[in-house]
Amino acid sequence: MGKTVRKVWNIVSSVIVALAVLLAVALVGVRLVGVQVFAVLSGSMEPAYHTGSLIYVKSVDYTELEEGDVITFLLDEDTVATHRIVEVVPDESDPSTLRFRTKGDANDAEDGGLVHYKNVIGTPVFTIPKLGYAVDYIQRPPGMYVAISAGAILLLLVFLPDLFSGEEEAGSKKKKKRRKPKAARSASHREKRRG
Numbered sequence: 001m002g003k004t005v006r007k008v009w010n011i012v013s014s015v016i017v018a019l020a021v022l023l024a025v026a027l028v029g030v031r032l033v034g035v036q037v038f039a040v041l042s043g044s045m046e047p048a049y050h051t052g053s054l055i056y057v058k059s060v061d062y063t064e065l066e067e068g069d070v071i072t073f074l075l076d077e078d079t080v081a082t083h084r085i086v087e088v089v090p091d092e093s094d095p096s097t098l099r100f101r102t103k104g105d106a107n108d109a110e111d112g113g114l115v116h117y118k119n120v121i122g123t124p125v126f127t128i129p130k131l132g133y134a135v136d137y138i139q140r141p142p143g144m145y146v147a148i149s150a151g152a153i154l155l156l157l158v159f160l161p162d163l164f165s166g167e168e169e170a171g172s173k174k175k176k177k178r179r180k181p182k183a184a185r186s187a188s189h190r191e192k193r194r195g
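With the first letter of the sequence shown counted as 1, position 118 gets the number 118 in the UniProt record's numbering; the numbers rise by one all the way through.
Each hint should be verified, as a subset may be incorrect.
Derived DEER-like restraints, expressed as beta-carbon distance ranges [claimed, not checked]:
| id | residue 1 | residue 2 | range |
| --- | --- | --- | --- |
| 1 | D78 | A147 | 20 to 26 angstroms |
| 2 | I148 | V125 | 27 to 33 angstroms |
| 3 | D78 | L27 | 18 to 24 angstroms |
| 4 | L23 | D105 | 25 to 31 angstroms |
| 5 | D105 | K58 | 35 to 41 angstroms |
| 6 | A20 | S96 | 30 to 36 angstroms |
| 7 | E66 | Q36 | 17 to 23 angstroms |
Everything labelled a hint here was simulated from the structure, so no lab data went into it. Backbone N, C-alpha and C fix where the C-beta goes; we use that ideal spot for every residue, glycine too.
Based on the provided sequences and hints, a complete structural model is requested.
Quick look at the structure:
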């Protein structure tokens with residue numbers, strides 16, 4: 001592999017690895033600081049959170065939530081929603097138990113049931129448009145298989161040039177050992193003439 005091609009390949013592979021690392025940090029690494037990542041799959045919160053956006057949700061003390069705050073919460077075991085609080089409803093028998101009446105900004109009606117404070121995951125802190133589509137795709141087959149395959153191919157492409165350059169260097173060292181240097185050949189050739 002030529003020096004120019006090798007330099008270009010090193011730059012390209014470095015950029016690809018950097019993008020992969022950034023994506024990994026954006027999706028998984030943020031959990032280390034207590035932030036969860038969710039894909040917005042409906043338009044109920046347009047224009048605040050567009051369909052296909054990736055939202056980053058930080059946990060929050062439920063007692064500090066008030067009307068107008070946006071919360072991400074569990075609708076059921078498998079469904080997460082992000083809507084705005086339109087009313088904080090204390091429990092009649094235990095005022096420390098709070099429930100929240102919610103509504104999507106783009107929805108005409110409020111949500112059917114109240115959100116129990118234990119189902120509140122947190123409040124969105126920022127969003128990345130369009131990245132939610134990719135995250136949603138790679139979270140289940142066949143997208144998961146595509147992502148795993150792409151990661152394997154990326155690793156292969158990053159380390160493959162090093163493997164080939166190692167073989168080229170080993171091959172060139174063997175060729176150098178087989179050949180006698182010109183000076184040594186001519187000296188041995190002169191000795192044969194004299195003898």
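Results of checking the hints against the structure:
Take D78 and A147: their Cβ atoms lie about 21 angstroms apart, and the range 20 to 26 angstroms holds. Judged by the Cβ atoms, the range 27 to 33 angstroms given for I148 and V125 holds: they are separated by roughly 30 angstroms. Judged by the Cβ atoms, the range 18 to 24 angstroms given for D78 and L27 holds: they are separated by roughly 20 angstroms. Evaluation of the 25 to 31 angstroms hint for L23 and D105 yields a pass: the beta carbon distance comes to about 29 angstroms.
Against the hinted window of 35 to 41 angstroms, the Cβ-Cβ separation of D105 and K58 comes to about 20 angstroms, which falls outside the hint. Look at A20 against S96: about 46 angstroms separates their beta carbons, and that is not inside 30 to 36 angstroms. E66 and Q36 have their C-beta atoms about 22 angstroms apart, which keeps the hinted 17 to 23 angstroms range intact.
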